[in-house]
Amino acid sequence: MRIKCPLCGERDLREFYYQGADVALMRPAPDAGPAAWDDYLYTRDNPAGVTRDLWQHEYGCGAWLLVQRNTVTHEILNVTLAKNGGGHAD
Amino acid sequence: MWFVIRCFMILTGGGAVVELMEKSAFEGLLPVEVVGCRIIAAPPEPMHLISPYKGQEKPLSAAMKSAHGMAFPAAGRATGKEGARLVWFGLDQAMLIGPAPDARLSEFAAVVEQSDGWAVLRLQGALAEDVLARLVPVDMRAARFKRGQTVRTQLQHLQVSMTRVGGEVFQIMVMRSMAKTLVDELQNAMRLVAAR
Numbered sequence: 000m001r002i003k004c005p006l007c008g009e010r011d012l013r014e015f016y017y018q019g020a021d022v023a024l025m026r027p028a029p030d031a032g033p034a035a036w037d038d039y040l041y042t043r044d045n046p047a048g049v050t051r052d053l054w055q056h057e058y059g060c061g062a063w064l065l066v067q068r069n070t071v072t073h074e075i076l077n078v079t080l081a082k083n084g085g086g087h088a089d
Numbered sequence: 000m001w002f003v004i005r006c007f008m009i010l011t012g013g014g015a016v017v018e019l020m021e022k023s024a025f026e027g028l029l030p031v032e033v034v035g036c037r038i039i040a041a042p043p044e045p046m047h048l049i050s051p052y053k054g055q056e057k058p059l060s061a062a063m064k065s066a067h068g069m070a071f072p073a074a075g076r077a078t079g080k081e082g083a084r085l086v087w088f089g090l091d092q093a094m095l096i097g098p099a100p101d102a103r104l105s106e107f108a109a110v111v112e113q114s115d116g117w118a119v120l121r122l123q124g125a126l127a128e129d130v131l132a133r134l135v136p137v138d139m140r141a142a143r144f145k146r147g148q149t150v151r152t153q154l155q156h157l158q159v160s161m162t163r164v165g166g167e168v169f170q171i172m173v174m175r176s177m178a179k180t181l182v183d184e185l186q187n188a189m190r191l192v193a194a195r
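These protein sequence lines are chains A and B, in that order.
Be aware that the first sequence starts at 0, since it is given in numbering that gives the first Met the number 0, and climbs by one per residue.
Be aware that the second sequence starts at 0, since it is given in numbering that gives the first Met the number 0, and climbs by one per residue.
Rather than coming from a laboratory, the hints here were simulated on the basis of the structure.
Bear in mind the structure is a predicted one, so any value in this text is a computation, not a measurement.
Please note: incorrect hints may appear among the correct ones.
Subject to a maximum C-alpha distance of 20 Å in a straight line, what follows is the list of computed PhoX-like cross-link-like pairs (lysine-lysine) [unchecked claim]:
1) B:K64 / B:K80
2) A:K82 / B:K57
3) B:K22 / B:K179
4) B:K145 / B:K80
5) B:K53 / A:K82
6) A:K82 / A:K3
Turn these sequences into a full structure, and let the hints steer you where they fit.
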């Protein structure tokens with residue numbers, strides 16, 4: 000598996016650290032209430048298909064990346080810098 | 000630059016006199032020469048990591064250009080020459096190697112002295128690319144990686160910064176604590192390539 004880092008170009012999987020779902024980019028407001036916070040902290044989807052995760056190009060430029068990929072075909076669909084933000088597109 | 004501190008008691012004065020001696024991270028390890036390839040320690044130089052504050056990239060680049068004659072490098076690029084280099088070092092980071100940073104840079108960026116933190120060597124020779132092909136998951140051949148290009152990647156399990164500073168010359172930087180491991184990995188690969 001290879002990920003195309005927006006800064007470094009296509010790199011081998013070994014250079015990346017996997018964080019998991021991109022929920023960190025969708026932090027609820029402090030007063031959003033216990034249900035929203037419970038969901039943010041503990042509830043995760045486990046899709047067979049397209050998913051969005053956070054990866055860090057740990058051994059390269061150090062950037063956090065927002066990666067859209069398909070868990071069934073292992074296809075990487077889109078990679079952007081997490082610092083540019085990005086809420087739920089779907 | 001790394002210093003060994005020696006203390007002497009001078010009887011007449013009664014106080015301790017401190018003598019600072021520079022010591023290379025590669026002391027006793029370099030140079031290493033194998034057919035077609037050699038590694039030498041780079042001369043010790045001041046190194047400062049420059050990270051622009053949010054939204055300050057443009058004024059920082061202008062300030063760097065007027066103070067040091069080098070604009071902030073694009074991703075994967077290194078500018079300058081021997082004695083004054085500016086190497087892209089990751090997301091919103093560049094390493095100034097050689098000159099002392101101009102005071103004005105601190106207006107737009109965090110400037111951190113890291114001279115002691117990095118061990119720098121040069122890998123050079125006709126077989127240098129073949130040696131790196133065994134160690135690095137990035138294509139380092141001249142067609143894809145030209146003079147003035149730089150990468151942050153892995154050399155075996157080491158996190159490195161590598162820059163092509165000449166036709167067959169690569170500058171390789173690792174955290175100082177990894178200096179011996181770096182020499183070891185390079186030396187092994189050099190022997191294997193030479194034995195082919």
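Each hint, compared with the structure:
1. B:K64 / B:K80: Given that 20 Å is the threshold and the Cα spacing comes to 14 Å, the pair holds.
2. A:K82 / B:K57: Roughly 18 Å between the alpha carbons, so the hint for K82 of chain A and K57 of chain B holds.
3. B:K22 / B:K179: Answer holds: K22 of chain B to K179 of chain B is near 14 Å, not above 20 Å.
4. B:K145 / B:K80: Roughly 15 Å between the alpha carbons, so the hint for K145 of chain B and K80 of chain B holds.
5. B:K53 / A:K82: Distance of about 11 Å is within 20 Å: holds.
6. A:K82 / A:K3: This hinted pair holds, its Cα atoms lying about 16 Å apart.
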